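Protein chains in written order, with this note's numbering: chain A, 57 to 168; chain B, 209 to 324.
No lab work stands behind these hints, which were simulated from the structure alone.
Just so you know, these numbers come straight off a predicted model, no measurement behind them.
Don't take each hint at face value.
Unchecked claim - Keeping only pairs whose Cα atoms sit at most 25 Å apart, straight-line, the calculated PhoX-like set for lysine-lysine is: (1) A:K97 with B:K217; (2) B:K217 with A:K112; (3) A:K59 with B:K265; (4) A:K59 with A:K155; (5) A:K155 with A:K124; (6) A:K112 with A:K124; (7) A:K59 with A:K124.
The residues making up each chain are set out below.
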Amino acid sequence: ELKVEQNPLFLSMQEGKNYTIYCNYSTTSDRLYWYRQDPGKSLESLFVLLSNGAVKQEGRLMASLDTKARLSTLHITAAVHDLSATYFCAVDVTSGTYKYIFGTGTRLKVLA
Amino acid sequence: DSGVTQTPKHLITATGQRVTLRCSPRSGDLSVYWYQQSLDQGLQFLIQYYNGEERAKGNILERFSAQQFPDLHSELNLSSLELGDSALYFCASSVTGLAGGTDTQYFGPGTRLTVL
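One chain only, chain A, in its complex shape (with noise of 0.2 Å):
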């Protein structure tokens, strides 16, 4: 069964430090999504990772993909108040019969 697990739950940090947000997936699968949604809104994609050492930036965050460990890495750099939101990773496996799972989410505080 695919199973995807995020750590931790919930995350205050202060401005302009650095963390990182964990997400483990039982199976083999096909992509990895990482989803941001601010609170009462709906969610915005923001990468998509295929192949084992992909690496996507965008802006003060960073995605990575370890396919041998089943992890994704959502590392945010010198965070800002702007990002705080809730995270979600999600992924999918396209052999057999098709699944689509997220994560729990991560939801980030990050306090000025």
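Fit chain B to the known structure of chain A by using the hints.
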């Protein structure tokens, strides 16, 4: 504004009823995806359509059905509603949504369904 529209924004109905949620994708996008977000179940992928045909199916209940029309808008039909169906329903669109692709999905604002 993502360019994806959903109607209605809010829907309140009673158990046992049937509702239809509508999604219009961004201009030029061929794929539409439906998601459900609830406190109990978290985020769940329901179903994807590509150019009118079902492409991938997730945790969609048998009481739910969807279709994508020739003009590419999509409808999600929810029937025999239960209290547990109360949730936010998002749709998203992307250019292709082909397996192995890396299309960015653009999300609509969602429809909040409350079943009383």
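Given pair status - A:K124, A:K155, alpha carbons within 25 Å: This hinted pair holds, its Cα atoms lying about 19 Å apart.
Take a quick look at whether A:K59 and B:K265 sit within 25 Å of each other, Cα to Cα. This hinted pair holds, its Cα atoms lying about 17 Å apart.
Below or equal to 25 Å on CA atoms is what counts here, so check B:K217 against A:K112. Judged against 25 Å, a Cα distance of about 34 Å means the pair is violated.
Within 25 Å, alpha carbon to alpha carbon, are A:K97 and B:K217? With Cα atoms ~12 Å apart, A:K97 and B:K217 stay inside 25 Å; holds.
So if I understand the rule, the pair passes when the alpha-carbon distance is 25 Å or less; does A:K59 with A:K155 pass? Satisfied, since the Cα-Cα distance of roughly 10 Å is no more than 25 Å.
Measure nothing beyond the straight line between the CA atoms of A:K112 and A:K124; if it is 25 Å or shorter, mark the hint as holding. 18 Å, holds
Distance restraint between A:K59 and A:K124, which requires alpha-carbon spacing of 25 Å or less: Between A:K59 and A:K124 the Cα gap is close to 16 Å, so the pair holds against 25 Å.
Hint 2 from the earlier list is the only one contradicted by this structure; the remaining hints agree with it.
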